[in-house]
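From first to last, the protein sequence lines are chains B and S.
For the first sequence, this note's numbering begins at 1 and goes up steadily by one.
For the second sequence, this note's numbering begins at 1 and goes up steadily by one.
Hints are supplied without guarantee of correctness; some may be wrong.
Said to hold, decoys possible - Distance windows between CB atoms, simulated:
no. : chain 1 : residue 1 : chain 2 : residue 2 : range
1   : B       : 185       : S       : 61        : 50 to 58 Å
2   : B       : 153       : S       : 80        : 49 to 57 Å
3   : S       : 17        : B       : 80        : 27 to 35 Å
4   : B       : 14        : S       : 57        : 37 to 45 Å
5   : S       : 247       : B       : 80        : 50 to 58 Å
6   : S       : 124       : B       : 13        : 22 to 30 Å
Claimed, not checked - Pairs of lysine-lysine residues, derived as DSS-like cross-links and limited to a Cα-Cα distance of at most 30 Å, are as follows:
no. : chain 1 : residue 1 : chain 2 : residue 2
7   : B       : 117       : S       : 7
8   : S       : 152       : S       : 204
9   : S       : 204       : B       : 69
Treat the hints as calculated values from the structure; they're not laboratory data.
From the three backbone atoms N, C-alpha and C, an ideal C-beta is built for every residue, glycine too.
2 protein chains.
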Amino acid sequence: MRWAEDKFTSVPVTLAGERPFTIHLNGQEIVTLLCSPDHLEELAVGFLVAEGLLDRPEELIEVLVDTDKGWGWVKTRVERLLTKEAMSRRYIGSGCGGGTGFYTLADAWKCRPVEGKLRVSPTDLLALIQDLQRGSELYRTTRGVHSAALYKPGGTVVFREDIGRHNAVDKIAGYCFLHGLATEDRLLMVSGRISSEILAKAAKMGIPVLVSRSVPTDLAVEYGLDLGITIVGFARGRRFNVYTHPERIISD
Amino acid sequence: MRWAEDKFTSVPVTLAGERPFTIHLNGQEIVTLLCSPDHLEELAVGFLVAEGLLDRPEELIEVLVDTDKGWGWVKTRVERLLTKEAMSRRYIGSGCGGGTGFYTLADAWKCRPVEGKLRVSPTDLLALIQDLQRGSELYRTTRGVHSAALYKPGGTVVFREDIGRHNAVDKIAGYCFLHGLATEDRLLMVSGRISSEILAKAAKMGIPVLVSRSVPTDLAVEYGLDLGITIVGFARGRRFNVYTHPERIISD
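Could you put together the complete structure from these sequences and hints?
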């Protein structure tokens with residue numbers, strides 16, 4: 001029932017789908033995510049890569065997904081042990097293991113500084129912002145999902161949507177892993193806020209330029225400064241803010 | 001650096017604070033949340049209540065928080081064991097334990113149907129929506145935080161903000177728990193999406209009317225129907241949608 005202009009009318013709506021998805025690695029239950037139930041192979045692989053449980057493509061034996069049941073099974077050649085740190089990270093479901101200092105966290109995430117050659121002009125950046133908005137605005141505002149897109153000079157590598165900000169980025173990482181595509185030296189654009197966790201996922205992917213329609217948190221900015229990642233936020237219409245490493249944004 | 005009107009200018013900005021906060025219950029580390037570092041006593045208590053680890057006010061002995069270090073210690077009289085289900089829920093950091101059917105989840109969450117007498121008129125609802133927008137819009141769009149507010153007939157009970165949607169709701173639950181205030185038969189308004197987890201938190205609080213500026217997911221709507229919760233979404237300006245149990249929205 002929609003209330004508008006002082007009266008109720010009955011209006012059909014399409015809701016964003018939300019499903020639990022349980023990922024198993026070599027028979028062990030790893031995590032249950034609440035997600036948009038599409039591209040689940042990518043989500044399973046991208047999540048494991050982001051958590052450091054899967055590293056090189058040759059380690060992967062198979063990925064099986066049952067979308068209806070919400071189960072994924074990943075089999076790898078290398079049994080990476082769930083360290084206390086990894087347990088701790090998974091435990092909270094959202095990023096960091098109890099430390100409060102930046103270096104503790106960066107260490108826990110095993111993030112290395114990003115060394116990308118990528119440079120972007122404001123004109124290109126504004127075009128990409130419009131591209132993501134065009135591609136997702138209607139869907140996002142009416143169905144409540146987040147979008148993320150990976151760009152290389154000259155075009156889009158992959159565009160994904162999910163009810164979870166983190167899942168959309170994991171799907172992109174998983175797509176690239178499964179297709180043997182580089183994520184280093186690419187531009188990653190997200191619709192949602194840049195929290196420390198999104199920043200860490202970008203760092204793991206070797207992303208030098210991270211762009212959002214929304215704003216970064218102070219912790220994300222601190223990490224971005226330290227890890228050499230250019231953070232662009234509040235990117236809407238014909239404007240944006242550069243919070244860290246502006247040297248990669250080169251005027252035309 | 002802000003890019004606008006085709007040039008860069010240097011502009012001071014205030015960023016939303018993001019800090020890890022580790023909650024201990026009776027000496028045991030329970031979870032680390034990434035949150036806005038304010039009202040942490042409320043967050044600790046609200047989280048434990050939502051997870052079913054703290055039930056009645058008389059169980060609580062003390063809450064100690066070190067905001068700088070990001071630590072919270074809660075001491076209770078009743079040692080609630082972390083069941084396999086609870087572990088599984090905490091494990092994913094975000095709500096449900098691997099089942100795919102609704103009843104499995106509802107059971108895992110131990111949510112009971114809500115029986116509220118609360119009725120709201122569209123006029124009152126529109127006023128509340130404007131109230132939350134006024135109270136938070138500037139802050140939210142410039143600093144990237146979510147807001148949540150609990151209302152009773154005649155006024156606001158409590159308003160909280162956090163970089164995490166879930167944390168803002170947990171702070172409200174914690175505030176009410178610590179001050180001995182009822183959450184039953186109140187209206188809860190949130191700025192972010194209504195996912196199944198937000199719906200479950202509302203159900204645990206006995207909230208009959210849950211309102212969001214954004215939209216609910218299909219799973220949240222399914223739970224709302226079953227648990228007797230009126231879900232109002234897309235509440236902006238002079239309009240809103242009612243997704244479930246419209247009988248509580250009574251025209252003037």
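query = When the hints from earlier in the document are held up against this structure, which numbers fail?
reply = none
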